[in-house]
Every structure is written in structure tokens, then in C-alpha cells.
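Q: Residue-level listing of the chains:
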Amino acid sequence: MAPSRPRGAAGPHRVSTNHRLRILYAAVILIMGIIVLRLFYLQIIRHDHYRQAALSDQLKQYTIAADRGIIYAHQGDNVVPLVLNQKLYTLYADPTLVNNPNASAAKLAAITNGDEGRYSQLLKTRPSRYQVLAKRLSENQKSKILALGLPGVGLQAQDYRVYPQGALAANLLGFVDDSGNGQYGIEQQFNNQLAGKQGMLKAITDVNGVPLAASRDNIQKNPVAGNNFVLTIDTAMEQQVQDILQAQLKKVGSKQGCVVVMDPNTGSIKAMASYPTYDPSKYYQVSDISAFNDLAVSDPIEVGSIMKTLTISTGLDKGVITTNSAYPDPGYVNIDGATIKNVLPIPENPVTIKDVMRDSLNTGAIHVFKLLGGGQYDQQGRDILHDYLVNHFQLGKPTGVEQPGEGAGGIPNPDQGSALNLQYANTSFGQGMTATMLQMASAVSSVVNGGTYYQPHLVEKETGTNGSSDSFDTKIVKRNVVKPSTAAGLRDLMEYVYDSNYAIYSSQLHPGYNVGGKTGTAQVAINGGYSKTDFNATFVGFVGGDKPQYVVAVMVKDPYTFESEGAQAAAPIFGKITNMLINDFNVLPTSH
Amino acid sequence: MTYSSSIAASRRGYVRRNQNSVRFSASARALGPISNTIVLIVLACLVGLLYLTQVTRTNGYGYTINSLQQEQSQLKDKKASLEVEAARLQSLNRVADSHTAKNLVSVAPSGVLNQ
Chain G
1 MAPSRPRGAA
11 GPHRVSTNHR
21 LRILYAAVIL
31 IMGIIVLRLF
41 YLQIIRHDHY
51 RQAALSDQLK
61 QYTIAADRGI
71 IYAHQGDNVV
81 PLVLNQKLYT
91 LYADPTLVNN
101 PNASAAKLAA
111 ITNGDEGRYS
121 QLLKTRPSRY
131 QVLAKRLSEN
141 QKSKILALGL
151 PGVGLQAQDY
161 RVYPQGALAA
171 NLLGFVDDSG
181 NGQYGIEQQF
191 NNQLAGKQGM
201 LKAITDVNGV
211 PLAASRDNIQ
221 KNPVAGNNFV
231 LTIDTAMEQQ
241 VQDILQAQLK
251 KVGSKQGCVV
261 VMDPNTGSIK
271 AMASYPTYDP
281 SKYYQVSDIS
291 AFNDLAVSDP
301 IEVGSIMKTL
311 TISTGLDKGV
321 ITTNSAYPDP
331 GYVNIDGATI
341 KNVLPIPENP
351 VTIKDVMRDS
361 LNTGAIHVFK
371 LLGGGQYDQQ
381 GRDILHDYLV
391 NHFQLGKPTG
401 VEQPGEGAGG
411 IPNPDQGSAL
421 NLQYANTSFG
431 QGMTATMLQM
441 ASAVSSVVNG
451 GTYYQPHLVE
461 KETGTNGSSD
471 SFDTKIVKRN
481 VVKPSTAAGL
491 RDLMEYVYDS
501 NYAIYSSQLH
511 PGYNVGGKTG
521 TAQVAINGGY
531 SKTDFNATFV
541 GFVGGDKPQY
551 VVAVMVKDPY
561 TFESEGAQAA
571 APIFGKITNM
581 LINDFNVLPT
591 SH
Chain X
1001 MTYSSSIAAS
1011 RRGYVRRNQN
1021 SVRFSASARA
1031 LGPISNTIVL
1041 IVLACLVGLL
1051 YLTQVTRTNG
1061 YGYTINSLQQ
1071 EQSQLKDKKA
1081 SLEVEAARLQ
1091 SLNRVADSHT
1101 AKNLVSVAPS
1111 GVLNQ
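Residue numbers (our numbering), protein chains in the order written: chain G, 1 to 592; chain X, 1001 to 1115.
Accuracy of the hints is not assured; some may be wrong.
Between beta-carbon pairs, the in silico distance windows are [unchecked claim]:
(1) G/Q198 with X/K1079: 50 to 60 Å
(2) X/L1089 with G/R51: 11 to 21 Å
(3) G/Q58 with X/L1082: 15 to 25 Å
(4) G/K124 with X/S1098: 18 to 28 Å
(5) X/K1076 with G/N527: 20 to 30 Å
(6) X/R1094 with G/N527: 42 to 52 Å
(7) G/G33 with X/K1076: 20 to 30 Å
(8) G/Q58 with X/S1098: 48 to 58 Å
(9) G/Q198 with X/S1098: 36 to 46 Å
(10) G/Q156 with X/S1098: 20 to 30 Å
Honestly, the hints are just simulated from the structure, not real lab data. Only a predicted model underlies this, so the values are computations on that prediction, with no experimental measurement involved. Here a beta-carbon is modelled for each residue, glycine too, at the ideal position from N, C-alpha and C.
Required output: the full structure, derived from the provided sequences and hints.
A: Quick look at the structure:
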């Protein structure tokens, strides 16, 4: 019998097993150690590197566009939108993914009303990966295109400005370009306020780009919508003024013109039309960029005889004339070697100030200038006329209306230059100086309203998204522009002119209302001289009852008509606008 | 037999030799180091699982939020389109071209009644 092995003693087999186990343990521990070390290296030492690498894949940043502010205008007692926003779609394609370009082009063209041939060509332009087929597609068109399920074709949403009133007031509104920047008009003037502030979303996303809510690194900054603006414009009046202007320009063969209708008691611009004009939703189709200009604001011209209203106001205010003054007028004036005459023959002498206004006598305006100088053409007369034109009637400087690119115009310096007396004689009847129609409307308003110059303005109210509201209060630029007696005197003279000439103006009398006006015809300066064929026609007038309610300034550039252009080209616009204002816009009749 | 000895005799009837008269309950069982480790690992796993559950649930809300935001965005776009359409329907050009407007008759310019 073999001796039994003591209990607990290891045999060769057991020893071998234990040894293997130890080796296995050691291997496991070694591997785990390696893993731990590797993890330590990756997670601790290379922490920043891998964190950045992970975030670069997962952390995405999106820009959240802010809604652009809406522009409103009045329609009677209501406020209606002139400019709104709408999401429209850009149709694009990746030609490398398009299976059947011709068939796809046919289907897409049928929906977008586009050019099938052009689409087909674009869809074949490999290796290009991005081709824009159409822009500004509607939601309905988008749905139809998506329903086609065409490979390689996609749609991208973009906010666009839309104009429910069409081309109404386009020149004063401006437009927004493809980059989202306002150009011209209110859109440019208040671009920052209208644009708002875009928001931002920085978030860890899943593979589809959907933000994961549990991430601590998510940052969301909500966009701030742009402010809304309410304009002083009345849409119905604007539309009619625009129609009247365009019809008359067509009739007299003019290519450019403008009209301003203003409330002389507040400076509010009720209508401001300019031609040529354009459709702001298709601004990119305009070939002549001058169509973007608001001529009433940006185009100072030699205004012609409507300036006599201001020259005579100066004479009345300085007390050198009255509305009944008379003087001998030979029908011409010699100054600094030049002879100045009138268009119409001189009436029977002595000539009265009423005659000067009615027949638009240049010699009469020069007579007032002479009286301002104490009976001679001199420095005193120039200084007084300059002071009134610049400091009282605010000519020669921008009015500050809410439009970009406003023209300042110019009044000759009374102290410097050659033939100064001749220059100021010309200035007295609207030549040798420049002003915009808005400046003239504002200046005449400041006289006929009794002597207060209000800053002309287009914006009535600005409203923020947080409910804050800024009213653009009426701003008085200058009080006591003229004495009340001067204001009454000029009103009487302008009413006399209208009552005497309304038939020439293709207009009519309005019993019970006070209507006054003054024509202007200005030669156009060319190459240091004046053109003998080109004239600009102007008109400024007012409509009201006991006090003027509207002041209207009209400009028609280079009409076909010869001589008396102011009467034949511009005055009919005033006449028709006067009818419109009395019939449709609650002009109060006189109380007596 | 005295009273006290009779008491003692009755007690002896219940007590066996070498046996304590006081019965102690079993002492608290202490877990060994392996058990402790396993428990800790299990707890850690549970906590991790709980965390993962919560993160997953929260991220699930993210999808809900995203979906609702998209819906909100679509509704806003629809509202904007309707506003545009309403404004277009009320525009001056459309009103002027309407059947009713075309049947209107022009009136002579107004005058003023003298009382």
C-alpha cells in the first residue's frame, strides 16, 4: 500500500495549476494596468485635446435670424402694413445627384413657371455641387416640389420683404437687398433698428443636428426682432398722388417728377411721390439706379418762380412792401452788365405786388430785393435775403427728414464771388440757387402756417418688440419765421394767384375753401450756362379752410411744353391734388 | 425544603449542564471585503444606470422641444403668410380692381352749402 500523501501537500499537477493561475492573474493585472494607464493618458493627460476633438464634431453653432421690423402707414383712421416679411424658398440642386436632368427640369419648371431649358442645362453642370434654379418660391410651390421627391433637389428657406401695396411709396421706402441690408429710403435710414439682433444657438447635437437638451455646454441667445415703424403717409393719398403725377408726366412727356403733400401745421408728410419709380420686390430688375432716388429729397434744383413766395415774404416781413404796394416797372432790369426780363409782358404801370405774383414777374422779385437793400442792389439787400432764406426758411441745409442722401441745396454766399448782386437778383426769382421740393414745401409751410418751421418728417412712431414705443413728436425748428401779418399777406397773394389762373392750371374754383399757389419755371444749368430748350416746371400751393391744411409742392423735369411750363406742366398736378384733398381727405371749409 | 430551595430546584429542571442561562442573539454579520466590493460595484452601476436613464430621458425631451419648436416656427410662417395675404386682399390696387369699385360712379367735386 502506497503511503498516502499528506493532506494539503501539493502534487505536481496542483503546483502546475497554481502557477498558471498566478500567471493568468499577473497577465490580467498587467492588461488592466495597461488599460488604466492608457485611460489615464487619454482622459487626463490628453483631456483637452480629445474634448476639443469631440466638441468640434458634436458642438454646433447656429445663427437665429431676427424678424425684420414691419413698416406701417395710415389708411384713413386705420394703420395698414406697407412692408411685411414672408418666408420664401430658394430652389437649388446638386447636379451630381440628379438622375434624369431633363425630366427633373420639366417637372420643376411646371411648378415654378421657370425656363425648362435653363433648368435642364443647370442640372447637367457637373461637377458643380450647387446650382440655384429659382428664388422666391412660395410655400405652396415648395410643397409641390418636395412631393416630387427628386434626388439632388432641395429648398432653402429665406426671409424676404413683401409689399402688399405693390410699388406704392417705393421711393421713400427703399428695399432690402439679398444680404439683408436696407438700401435707400426708410429701409436704409433705419436699417439698424429694423434689422433687430440675431440670436445664437450653440449646442451639442446628435448626428442629425438636433440639440441634446442634457448638455451643459448649450448656449441659447434668443433673437431680438426689429422695431416696427408707423409712417405719417396716408396710403390712399399716396396712391392717388402717385397716379396723378404719373399721368401728368406722361401727358407732358417728362421722365422725372415728384410731389410732396405736407401738413403745414405739424410737418408731417402725408404723401411723397417720385417718378421714375420701381417695384421694390423686384428691385434687382431695375437697370437704371436713378429710379431708386426720392427726387423730392435727393434732387436739389433751381426752383424757379416759386421762390418769389419767399422773396416777397421777406419783403413783407421787413416792411419794405405790402400786398398792395405798386412800383414802376419798365419790364427789364440791368444788373452787373446783364439784362433780366420777364416771360410775360408787363401789365399796365404801376405794377402791383399782386401783379408780380400773378404774372410771375422776375423784375418784381428783383424790385423787392432792391428795396431790401434800401433802394439799391447792395450788400445789405444780399445779407437780408440770405438771412431769411437760410436762417428763417432753412434753405441751403438738409431738413433732417428720415431719408438717406438728402440734398442740402445751396444759397449763394452774399459776401464772396463775382457779380454778387446779379446772383442775388437771380436768387430772388429762383435761379442761381438750388433747393429740393421738400425744402420748398417746408419753407412755404412755415410762412402760411403763421410763422413756425416744423421739421418735415415721415415717421410717426417706432415700436419695439418689448412693447416700448417712441413717438416722433413734432419738432419745431424755428418760431417766428415771419410775422403773422406776413403769413396772412402771402396767403392772400397766393390765393389771388390761384383765383386768377385756375383755368390755366386746368383746375377749378373751390368756393368755401382757401386755395393758393404759385407756379415756377426754371431754366436748367448746362456747362456753366443755361439751356434754351430744357426747363423744369414747379408749383407750390396750399389747400385749407380757415387755415391751410395741406401744402403741396410739385416738380416736373424737362416737359415737352415750352414756356409757362410751371402753369402747363406742374400746376395741373396741383389742381387735381387739390380736388382730391377737398373731396376725399376732410379739408374743413372756411367758417365764414 | 424551603421556599427558596424549591424555587431553585424548579429552575434546575430547565437548565442543562454547561449551558448558559442567558441566550444571546447572533452577533451582526459583517460583510467580507469581496462582498463589500461587489456591493459597491453594484451600487455604482445602479447610480450610473440612473444617470444614464435621466440623461436619455432629458435628451428625449430635447427631441420633443425641437419638434415643438419646428411646429411653432411653421405656425409663425403660416401666420406671416396669412398676414401678407390679408394685406394683399385689402390693398388699394385690389380694391380698385374689384367688381364693386368698377361699378362705382364718379361724383362731381363737392361744393359748400350756404346757410
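Q: Now tell me if each hint is right for this structure.
A: Evaluation of the provided hints:
Between G/Q198 and X/K1079 the C-beta distance comes to about 21 Å, which lies outside the given range of 50 to 60 Å. About 56 Å separates the C-beta atoms of X/L1089 and G/R51, a value inconsistent with the hinted range of 11 to 21 Å. Separated by about 38 Å at the C-beta atoms, G/Q58 and X/L1082 break the suggested range of 15 to 25 Å. Between G/K124 and X/S1098 the CB atoms are about 46 Å apart, so this pair departs from the stated range of 18 to 28 Å.
For the pair X/K1076 and G/N527, the beta carbons lie near 58 Å from each other, so the given range of 20 to 30 Å is not met. The supplied range of 42 to 52 Å is met by X/R1094 and G/N527, whose beta-carbon atoms lie about 48 Å from each other. A hinted range of 20 to 30 Å is violated for the C-beta pair G/G33 and X/K1076, which are about 59 Å apart. Distance hint check: the CB atoms of G/Q58 and X/S1098 are about 57 Å apart, consistent with the given range 48 to 58 Å.
With their beta carbons about 40 Å apart, G/Q198 and X/S1098 fall inside the hinted range of 36 to 46 Å. The given range of 20 to 30 Å is broken by G/Q156 and X/S1098, whose C-beta atoms sit roughly 36 Å from each other.
Hint compliance for this structure: hints 1, 2, 3, 4, 5, 7 and 10 are broken, all remaining hints hold.
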